[in-house]
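Read off the chains here:
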Amino acid sequence: MKKLIRFTIFIGAIVLFCGCDQPPVIESSGKNIKIGVIGPFSGSNMAKGNSGLEGIKTAMAMHPLLRNGDGVELVVEDDKNEPELTLYALKKLIEKDGVAGIIILSDSGPVLKIGPLADIHRMPVLAALATHPDTTNQRDFVSQLCFDDNFQGTVAALFVMDELIIEKVAIFSNPENAYSSFLAARFANKFKSIGGEITESIVLRNDTTDYSSILSSIHRKKTELLYLPLGAEEVLQIAKALEEMDWKPEMLGSDGLLTTMLTQYKEYSGLLEGMLSTDFFNRRMPLTSFGKKALKKYRSLYDNPPNSYSVMGGEGYALMFNAIDRCKDPNDRECINRMIRNTVDFTGITGKITIKPNGKATRPLVVNVIKEGKLEFVVKVY
Amino acid sequence: MANYVDIALFIYTLETKHLIEPLQENSFGVKITSVAFDVLMEDPENELEGIEHLVVSGSLNVIKEILNFAMKYGFSVGIIPMNTQKDLIKCFALPRNKNEVIDLALRNSSQVMDIILCNQHIMLFQATLGRLPLMDSPSDISKFNIVVKALKRFVGLELALFDFTIANQKKIRTAACGCMIIQRHEGTLASKLISHDSSFTDGMISMLVSAPRSIVEYFIFLSQAIRARADRKKDYSTIGYIKSPWIDIESEKKLTVYVDGDNVTHTPLHCKAIKEAVRVNIGEGLREKSGKSQPVIERVNIDSLPRGKELLRVKTKKIPFFSYASEERFRDLFAALRIDARINATYLMLMLLSTLLATVGLYLDSSSVIIGAMLLAPLMAPIVSLAMGMLRQDEDLSKSSIKKIIIGIAIALMTAALITLIYPYESITSEMAGRLHPSLLDLSVAIISGVAAAYTKSYKEIIQSLAGVAIAVALVPPLAVAGIGIGRWDSHFFSEAFLLFGTNLIGIILAAAFTFRVLGYSPAIKGKRSIAFVLIFFVLISIPLSLSFKRIVEDRLHEKSWQEERFLVNEKYLIVKKAQVQDFRDKKLVTMDILTREPLNRNDLTQFKKKVQTHFARRLIININVIYIP
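For the record, the sequence lines run as chains E and B. Per this note's numbering: the first sequence = residues 1 to 382. Per this note's numbering: the second sequence = residues 1001 to 1630.
Here chain B stands alone, though its shape is the one from the complex (with noise of 0.2 Å):
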């Protein structure tokens, strides 16, 4: 059954007023003398001496005054929140039905709590500096919220430096863009990134605070903190978190502190926790949580927060849009990229050996052979060395790739030449003509291998993957074509096969260089003129691509528009049942099977031929297959 006081002092403002008669008209016989706040304050202490329960209704500026001076005169205190006290009701947990809530403000069964105060003003639920990227929004805030708020907020995110002192004479030095001090943190986003081990009574502080390094790593912690659930905690790549009865923050630049959301002072900033400060009516909710708690520890999780040379580099005005490497990935990757845009006796050996095998992949018209040339294929590692080599200025590391890449291509065509000047039979099999119609699809694969290809190169872990990429763009193979072309003295030949690995060259190029970007190998692209250079050819090689590209997909139309047209030819009816279209040098070579039920003559072929001439393109070579209807 419930207790009540018998006496409680009940303290209003103008707005609360109201809550008088309730009060005194109460049904649990408790006696209510009521004072207005601004008399209170002429007098305090002759008005609180005395008095055991207090019943406050008002302002949050109101509640801390009277929190303040339950510290001093150790009276219990019953909270009656107005309407728009949203996160008052949320922190103590108070119901908000008003007989409910004056129900508990006069019961005798307070809870013990501790009071935070930084630079000495209380503070309740939280107090915020610098730039917080949403740990502050409510918890309940809905997805598409979280993403409007964080996109208005990435803009002008800075990282500065801090100084933390904890109880344990710590001295922490890191850069962050702000950090958030929580009380009790129910009700907000930073409640789901934090652990739940504090109670109202652990003395403890709790600090969350925020270093996102680049842009990308911002989306990165906002897309965990979407999906975040208060029930299973991780380590956030971005959040430092830090336990401790007292912080003391300094910070580079004066910071702006909001406590509670009223700017009331600024950095340096000393926080404090006075255990079992105050004794307050709390909900069943809070009180069953509290009930729980278990040894506090002071806590220092820091390892995700920029340290000792980071620092350094974090001195920029805005944090980047991508990402440092770490110095351990760095260090391994330039070594591997610097091997391999060595020349060696393994690269030469395995050039031949896979040009070899691929030029007679390509005589055979055999997939599986020219898989295997392109696995045994050397050529990736000196080109995607050669797109850091570009992207971080480095001439030593350009120069010795582009050497390397051009001994590879020389051998290719020479081997793939030779080999044709020995084999004396000149056909045109599917493989190789598979590579000689290069379009902006072939560059879409070069640029997404590219990527794939840096990015399988910065992680050891996945390096074995590196094979699929390497079928993927398929190097040697066309470079094998067009050293066909060079054996056979047919420009043409060449000069498709090669424009198909120029494609790759440059499209491996191009997005390797952009991946390690992104990877954070290089703060910015250094060698602008090289890659100038690149996407100038990147942008020359578009053009016979995409018209390359249009030809294909008018090819596809016209084979599938070829198979609704019929033609009268001296009374004989025909019907195209398939067409094939396809680029015979500077022709189209159109084959058809077209189904008739009476035997065609030299005339009727004539005629034909004629009428398909008339009606689409005259530079058409026709070839018919004629079927009989029975």
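If we strip away everything but chain E, and leave its shape as in the complex, we get (with noise of 0.2 Å):
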């Protein structure tokens, strides 16, 4: 008997000794590499930058050293999301900081302007949130983490098409920002394409007020969904004009917008319930097995809970330590951009991304809708 028992506790030990797979333990070189993290930490699209930054910084807790030892340095440039700034950032970054890589949590009109900058001096950079599909084509050192506007566009008015089965759309665009109104092009060719009805094609200006005419032009057309592919404070004005008509028609809004209206302009979110969006994250989503540590590690670190912005921060410096960790020499940019524009299936928070030679990244988007002031998950597309 006390055999048979001693026995079982010998297998059992051997299981479970078996069982535990310690990572290798890295002892620090006492050398840092740069990494540069240029975003608006500031002005109206500070949301973007803080929660980029915070998501970064959780990546990096866990991730402080690279297999040979080296630590992480971030070197952190506000740009305000002026393109002028993020030139100049861009520049201090290259010269005088000597960074390896740099990180880009600004909109598509400031990274399209460092883009030619970044190509001359081959300098890595990888946009986190900037979606026009223009900041990587003809560009050999920007790549982009997120899905470009061609897939969101074009995923938007299937979307809307199939799942919401919404025949009349009116579409806003803002010619004075890229990323706006070459989304509303997008969404307005594929949803023509299948069968859709364009009511009306709305041009805001940065001077535009009378958003009521604009409003029952479009509610005579019997409009069931109102396409936004624009900023937080201009959403806010049509649904401010929305609810002086007391009319409530579907809206769908552009990557980050609901996360932009909830952590800047939360006292607004009863005006915005019910509507959509196209986004990168939800907490409600499945998580991949790194993405519930990232989640636990920023729950340790931060009182408030992640958002789209932090997680494609964290995915964006988990993603830049990896190339940067495949590399022989961790300062060689040639080789970060190459292994950057070479990431397959590569494990974020959400889901697998990757990233093509051509810079752009194949990831899932998912819809999200504003529910009782709280951000729902809708659908994952892959």
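There are no misleading hints in this set.
In silico lysine-lysine, PhoX-like type, Cα no more than 20 Å apart, as pairs:
1) B:1609 to E:352
2) B:1272 to B:1171
3) B:1577 to E:380
4) E:360 to B:1610
5) E:380 to B:1560
6) B:1609 to E:380
7) E:380 to B:1572
8) B:1610 to E:356
9) E:356 to B:1611
10) B:1588 to B:1560
By construction, these hints were calculated from the structure, which means they are not laboratory data.
Got two chains here, each in a separate frame; can you build the complex from them with the hints?
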């Protein structure tokens, strides 16, 4: 009997021992590799920058040392989401700080502006939130972590037609914002090609104020949905006008919109009840094992819940870190850029990410909705 | 109109000296002479000579001393209790208001009462000896406090031998935890448990004897005591009740006797009731009750106490956790189990028929035919016998049971395999598929069924319920599926179905053995080695079952999450409407209903498959049903 018990304990101990897969311990070399971070940390878009940086710091806490023992140092530059400031920040990071790579948390406009300079200096730039296809078109050193607007616009149009079964849509766009006009055009093309009707295409200017007359005209044409690839402030003006008119059409926004709304304009969330948006992340969606660990780490570091921006920041750092770690010389920018553009099935927070040699990313998109003031998950599109 | 005494002697102590003034200034015209108790004790004969009524206020011992004098000199007694003497107030139904209690104490309306002496000590309320679970608790104690007290007291509970002799010279030898002699039992939990035919002048002593044979019985008594109502009497399995003019108590060990809560004497104990010994002014409520007395007879209700051979068993140090089954039940069950363990022609025939029926039912995918086979299957009986054999280390019972089970298994496997060889069509029906993925849930079914099987087997009255158990656990159908696996030479088919049968077998044996132990059919687990062996198998079998259960849970969650997945394939939008995940050998088979607006070509399907395999498991077999959106 005793022998039997001993044998069972012995076998159990072996099973337990074999089951413990300890990661190798890395000793610090004392050296640091610099990674630049450009983003709007002040101004009207500060939610993107600050949340994104929180995500970066979370991922950094999870991966502090490269395999060779080098640490990572962040050099953070605020561009207020203004292209000129972004250009200035890039120059500083290249010439003064000598960073190995840059993660940029700004919109498509600023990223489009720095593309040529990044190519000239052969500086790998990973655009975490810029979805405009031209950010990577004709660029060798700018890569996207997010899906691009061809994918986003197409999915939005198909979602409206096939899931919402809506055929009459009015589109709003801002020609002063490259991202907005491209996405609006892409949506319109796809929607019309599948038999949808664009009741009106509204081109907003920065000085547009009379939303009521615009919306009244749209309402008369029996429009069922408003497609709004706009900034948060513009969408808020439209929502207020709709409330005054007592008209409640379906509304679909684009990436980051609802996150900004619930971060910077939470008091107006009631106006946006039921609004849909294409996005990168939702806390309710299934996460990868890396995503679950990152979420746990994030909660241990910050009081506020993670959002799309922090997720993209975290994934951006993890992917950049992975690329640097795969290079023999962690300061070899050519190699880092090559590795970024050779990322296949990298496990991000919400799913697998692949960055093609042309710098474009393949990653899932989610559709969110505001329900009772909270961001709820609707579907995930691969 | 109330009638008061003319003269009364007031006996007080230091604590009750303050009552002299209100008593002497009473408005009833009663002339009061006050004497301190210490002064009285210096020359009681002189002080009490010619006294007809005495009012006393002091400690319980002072009151008892006065009652002793009352027996001797024949005066009536009025009692003024102190605020702390709650038992006394309750016992004599005395008012709480000072003026009312003085009023009562001075009245000329005393009630004749018996006095109980325990080893010459006056007992007013109760005397206890040994460990008495709960009965001495107040009746108004909350249910929560009963439970707390009960939990404290069950530790170290033990039975000791007692000899009682009562007035008719009847001698009773039993074992008990303790006894409680009660005079006026109103106000204790014990009062809820005994009959209410006592009166103040019946010349009888009531005694409760507590004898829980096991911790389980003690808790059953606890639940009965909590639910007991004074107006609805019943016999309690752990309580004996004796009512007699006198009782002699002798215990195996010398036990301390607490009279009214004070440690004053020990066993052997002689208690006797002195009929109509004193006259006391009691409260109106009690007077009404005492007036309704009926003729009282001696009572002896000791059916629930250990007697005869049972006394030999109780000589253990502490009471066991589980009770022992009665000899009659024990004899009946063992006879039945030995018959169940024997191989006979009926068993062989039923095994053959039930397997034939199960196999055909599996091929027909017919639940009702399979249920018929379950009812016909005789395999449960030897498994239950084996459980008892292992529990009691009865080698004959174990060996014959094992032999019978093995023969049953062999018949089932061979029969099902033969039918499969004859039957040309190799289909996997849903009834077969349902028996190919055993999980922890099946083990739970086996355990519950094992408990149910042992329980129904133990009680002839509910034996008809065994059919339900047979349906729940379904022993033959998994064997038939395993046999089909042999016939098809498919090891996966065989191993999964046989794992299910093994799960049932192990679960039933362990659960049935445990149940028999709880029901008291074995004082201990004698066959420790055999049970340990089954337990190791239980642990080993739990590993694949846990993994399987985890897989099932994941699959169900996966199926749910699939409904939120969409795919953009060559600019075509695919909506996953429904998904079903199944294990197919070492891969997963996902069957999806896909909604789309445009026709899908081969390239689309290839792209779709690639996307699924990139973002989900690579070892997925994808099966899609395309539904077009009009």
